[in-house]
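These protein sequence lines are chains A and B, in that order. If you use the numbering used here, the first sequence corresponds to residues 1 to 116, in order. If you use the numbering used here, the second sequence corresponds to residues 1 to 110, in order.
Hints were generated in silico from the structure; no laboratory data involved. Fair warning: this is a prediction, and the values are worked out from it, not measured in the lab. A virtual CB, placed ideally from N, CA and C, is assigned to each residue, including glycine. Careful, some of the hints might be misleading.
As the list claims (entries may be wrong) - Here are a few chain B residues that face chain A, going by a calculated C-beta distance under 7 angstroms:
#	residue
1	Lys-42
2	Gly-43
3	Leu-44
4	Tyr-76
5	Gly-95
6	Gly-101
Listed here are the chains, written in short residue letters.
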Amino acid sequence: GAVVSQHPSWVICKSGTSVKIECRSLDFQATTMFWYRQFPKQSLMLMATSNEGSKATYEQGVEKDKFLINHASLTLSTLTVTSAHPEDSSFYICSANEGTGANVLTFGAGSRLTVL
Amino acid sequence: KQEVTQIPAALSVPEGENLVLNCSFTDSAIYNLQWFRQDPGKGLTSLLLIQSSQREQTSGRLNASLDKSSGRSTLYIAASQPGDSATYLCAVEYGNKLVFGAGTILRVKS
Chain A
1 GAVVSQHPSW VICKSGTSVK IECRSLDFQA TTMFWYRQFP KQSLMLMATS
51 NEGSKATYEQ GVEKDKFLIN HASLTLSTLT VTSAHPEDSS FYICSANEGT
101 GANVLTFGAG SRLTVL
Chain B
1 KQEVTQIPAA LSVPEGENLV LNCSFTDSAI YNLQWFRQDP GKGLTSLLLI
51 QSSQREQTSG RLNASLDKSS GRSTLYIAAS QPGDSATYLC AVEYGNKLVF
101 GAGTILRVKS
């Protein structure tokens, strides 16, 4: 079946640094990928829709300059958390649409970010 | 505002029990509704997808129902097993956007 890989699975960084998270579709091409954020005991919240070859579409309230998304190829999207602060600590999950049917999404395993 | 609510937030049952997880949504103009399973530290696994025109879907011991008019869905798990312990998430699709509930943490005790 379709597989989406995220890297790193967990990362700890100092406040003020930038962190890049990669999302790869391993055996299919994805023109669209989605980035979600999940705070403890809360829902997954869609942050942005990543479109290959064009700018990402951000949800209301998500800072574009804070969360940089690059979808450079049909199998890779990256999320960069710039100048990270402790409040950015969260679980970030990406998903990709296999394109085989009604929004059949495959999710990555997630990346746990802790900002000290 | 499109909101998805899941009740209960947590559930603990002995092995072998049948159980029901509830999901409600405020906007009934949905494309479909999905139930996911999330194991600790892992990503999401899709369990069942119900199209807006369908009333229910079944897979093994799982049965999901959908009532659009009342804005509700239930996930029924028959003969629960310890391996069913996980967080179960309900997600409603509006256009190309999924809105998730906060999840129900299920623990099945052996």
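Quiz item: What are the numbers of the hints the structure violates, in ascending order?
Solution: Failing hints, ascending: 4, 5.
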